[in-house]
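Trainee: Sequence:
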Amino acid sequence: MAGRALCNYQAIPPLSSFRSSSKIFPIHCLPFSFRRFSPSSSSAISYCSMSESSGSASVKAEPFVLTTPLYYVNAPPHMGSAYSTIAADAIARFQRLLGKKVIFITGTDEHGEKIATAAAAHGCSPKEHCDTISHAYQMLWKDLDISYDKFIRTSDPVHEEIVKEFYSKVFSKGDIYCADYEGLYCVNCEEYKDEKELLENNHCPMHLKPCLLRKENNYFFSLSKYQKQLEDILAAQSDFVQPPFRLNEVLGWVKNGLRDFSISRASVEWGIPVPNDNKQTIYVWFDALLGYVSALLKEGEEPTLQNALSSGWPVSLHLIGKDILRFHAVYWPAMLMSAGLDLPKMVFGHGFLTKDGMKMGKSLGNTLEPKDLLFEFGSDAVRYFFLREVEFGNDGDYSEERFINIVNAHLANTIGNLLNRTLGLLKKNCESTLGFDSASAAQEIPLKHNVKELVEKARIHYENLSISSACESVMEIGNAGNLYMDEHAPWSLFKQGGASAEAASKDLVIILETVRIIAIALSPITPTLSFRMYSQLGYSRAQFEAVTWDDTRWGGLKAGQVMAEPKPVFARIERKGEEKKDGGVPPKGVKERKRAPQPQRVAEAQP
22 MAGRALCNYQ AIPPLSSFRS SSKIFPIHCL PFSFRRFSPS SSSAISYCSM
72 SESSGSASVK AEPFVLTTPL YYVNAPPHMG SAYSTIAADA IARFQRLLGK
122 KVIFITGTDE HGEKIATAAA AHGCSPKEHC DTISHAYQML WKDLDISYDK
172 FIRTSDPVHE EIVKEFYSKV FSKGDIYCAD YEGLYCVNCE EYKDEKELLE
222 NNHCPMHLKP CLLRKENNYF FSLSKYQKQL EDILAAQSDF VQPPFRLNEV
272 LGWVKNGLRD FSISRASVEW GIPVPNDNKQ TIYVWFDALL GYVSALLKEG
322 EEPTLQNALS SGWPVSLHLI GKDILRFHAV YWPAMLMSAG LDLPKMVFGH
372 GFLTKDGMKM GKSLGNTLEP KDLLFEFGSD AVRYFFLREV EFGNDGDYSE
422 ERFINIVNAH LANTIGNLLN RTLGLLKKNC ESTLGFDSAS AAQEIPLKHN
472 VKELVEKARI HYENLSISSA CESVMEIGNA GNLYMDEHAP WSLFKQGGAS
522 AEAASKDLVI ILETVRIIAI ALSPITPTLS FRMYSQLGYS RAQFEAVTWD
572 DTRWGGLKAG QVMAEPKPVF ARIERKGEEK KDGGVPPKGV KERKRAPQPQ
622 RVAEAQP
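If you read the sequence shown in the numbering used here, its first letter stands for residue 22, the second for the next number, and so on.
Be aware that one or more of the hints could be misleading.
As a list, the in silico DSSO-like pairs of lysine-lysine whose alpha-carbon atoms are at most 27 angstroms apart [as the list claims (entries may be wrong)]:
id, residue 1, residue 2
1, Lys-217, Lys-249
2, Lys-392, Lys-469
3, Lys-171, Lys-148
4, Lys-376, Lys-343
5, Lys-246, Lys-190
6, Lys-122, Lys-171
7, Lys-449, Lys-469
8, Lys-343, Lys-392
9, Lys-190, Lys-171
10, Lys-343, Lys-135
11, Lys-516, Lys-449
12, Lys-448, Lys-276
13, Lys-319, Lys-121
14, Lys-448, Lys-469
15, Lys-516, Lys-448
16, Lys-249, Lys-276
17, Lys-276, Lys-343
18, Lys-449, Lys-343
19, Lys-185, Lys-135
20, Lys-217, Lys-236
21, Lys-217, Lys-230
22, Lys-588, Lys-516
23, Lys-122, Lys-163
In short, the hints are calculated from the structure, not lab data.
Using the sequences plus the hints, can you model the full thing?
Mentor: So, in structure tokens, the structure goes:
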């Protein structure tokens with residue numbers, strides 16, 4: 022147990038006072054049921070952006086700020102980290118479609134004992150190791166079409182300045198003290214463990230490795246001091262932790278009693294020095310969590326807390342894996358309250374991925390490498406499968422057979438084939454030119470009303486973070502379009518000529534308008550495929566990038582609009598031994614169906 026002890030340390034000089042507004046203004050609500058939390062202490066500081074005009078103040082539109090975990094660089098990125106980031110990207114793209122200013126933060130956590138050990142094993146310095154792995158993350162995000170706005174590395178000098186200032190504020194509050202501690206330590210978790218939560222022979226339940234008995238003199242954060250405040254927040258704000266069953270986990274941890282935790286390490290050199298004791302470095306989690314703040318700094322800006330916080334704090338959504346929920350939903354809020362800062366609006370803990378129904382690991386030889394999936398199937402297929410097939414928040418399973426079946430049925434057949442055969446008929450019978458506005462062609466047909474309802478369902482699902490359900494709603498639009506095509510059989514009507522041919526021409530416009538709406542509604546999930554669809558409809562890259570969710574309203578296509586030359590937008594994935602049927606170009610990133618060697622490593626839990 023930790024016990025308070027007398028320590029020889031240098032007192033931290035007072036920091037410059039923060040400028041704060043003399044007026045507090047209400048925060049505009051987001052589509053989610055997010056609320057802004059502030060510490061109950063009367064000394065809390067509230068940061069907001071204001072502009073004065075003619076004696077009145079107005080609040081600027083609050084940005085939508087979301088974060089992935091800052092991924093630990095002890096090893097290259099794996100499918101678990103890719104899944105978190107794909108999901109965050111879909112949310113960010115949807116929010117941009119709504120017209121929000123989005124700040125999408127991702128990055129890498131680069132300090133700690135595991136990093137130094139991994140670097141030594143590869144015969145390089147910790148900084149060289151971090152540079153290599155951080156670059157691998159950035160390259161993978163590029164291949165996955167991740168549209169992040171900020172990439173923070175915790176080894177950046179500006180981040181170190183933010184961490185030191187934050188530490189000093191908490192220290193000045195009296196919430197940091199020095200103590201001796203002896204306990205069982207998991208190197209992989211970088212965390213002391215209670216014996217009651219360990220497996221037989223003191224093995225960590227997460228990494229299945231023995232925890233080591235350690236005794237150190239460290240600095241501790243007074244987490245127990247914030248027990249009541251955390252209980253009150255969790256009771257009053259049921260949407261602070263999502264999904265609801267994750268909230269129940271957090272409530273259980275808090276109600277069992279919060280213990281102060283060590284925020285420094287005497288035995289770890291690769292880290293940020295403790296401001297008042299250069300013989301110790303700041304604990305990796307106390308360091309890494311502040312990356313969400315330091316990432317908000319503008320380039321070239323003085324690295325102060327006030328500058329960072331005024332650029333977008335508090336975060337609208339922390340998106341994390343369930344294995345790091347305790348750090349984000351218990352430790353982090355208490356740290357922020359201690360510093361007098363606003364709490365994030367929501368912490369969402371998603372589940373784990375398995376392969377063929379089994380947990381992935383080196384011993385089973387079944388690790389799932391995102392680079393291999395991208396090489397074989399392309400970014401659209403990878404993004405769509407994991408966002409469509411994994412109910413967001415729950416665990417999800419990958420099997421190659423299921424992957425190919427889903428992607429072929431939905432992207433190649435339901436969407437791709439619908440667009441391709443409609444454009445083929447338009448080229449053959451109408452010289453690829455629309456004869457009617459989509460608004461006048463449809464009028465009061467049931468399909469138009471059905472599409473409107475499904476678009477609204479998709480919007481609600483996106484806003485509620487029900488990403489899989491949003492995919493289902495969009496795919497229902499595709500099914501409705503295919504059904505309309507089969508029922509009206511425009512190829513047959515064209516052969517009849519006269520009024521029938523005119524009706525067929527209208528049918529093609531109606532179907533293509535349906536595809537146009539699908540392209541927009543699915544763009545948060547499959548941005549590259551959506552652009553290919555939009556370009557087939559005769560639009561430019563600039564026009565596609567300018568679309569908003571309002572453009573999902575029926576009536577976008579106009580008479581006289583010329584469509585592009587028909588070609589498959591998504592080629593069917595062929596299994597080994599199958600012949601290629603459509604002759605189309607493979608999806609982005611796909612060269613041939615050749616399985617790359619599987620690197621043998623364990624996917625670690627990531628901060």
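Trainee: Taking the hints in turn, state whether each one holds.
Mentor: Against the structure, the hints come out as follows:
no., hint, in the structure
1, Lys-217 to Lys-249, "holds (24 angstroms)"
2, Lys-392 to Lys-469, "violated (40 angstroms)"
3, Lys-171 to Lys-148, "holds (20 angstroms)"
4, Lys-376 to Lys-343, "holds (18 angstroms)"
5, Lys-246 to Lys-190, "holds (16 angstroms)"
6, Lys-122 to Lys-171, "holds (13 angstroms)"
7, Lys-449 to Lys-469, "holds (25 angstroms)"
8, Lys-343 to Lys-392, "holds (24 angstroms)"
9, Lys-190 to Lys-171, "holds (25 angstroms)"
10, Lys-343 to Lys-135, "holds (21 angstroms)"
11, Lys-516 to Lys-449, "holds (12 angstroms)"
12, Lys-448 to Lys-276, "violated (67 angstroms)"
13, Lys-319 to Lys-121, "holds (19 angstroms)"
14, Lys-448 to Lys-469, "holds (24 angstroms)"
15, Lys-516 to Lys-448, "holds (15 angstroms)"
16, Lys-249 to Lys-276, "holds (10 angstroms)"
17, Lys-276 to Lys-343, "holds (19 angstroms)"
18, Lys-449 to Lys-343, "violated (54 angstroms)"
19, Lys-185 to Lys-135, "holds (22 angstroms)"
20, Lys-217 to Lys-236, "holds (19 angstroms)"
21, Lys-217 to Lys-230, "holds (16 angstroms)"
22, Lys-588 to Lys-516, "holds (24 angstroms)"
23, Lys-122 to Lys-163, "holds (21 angstroms)"
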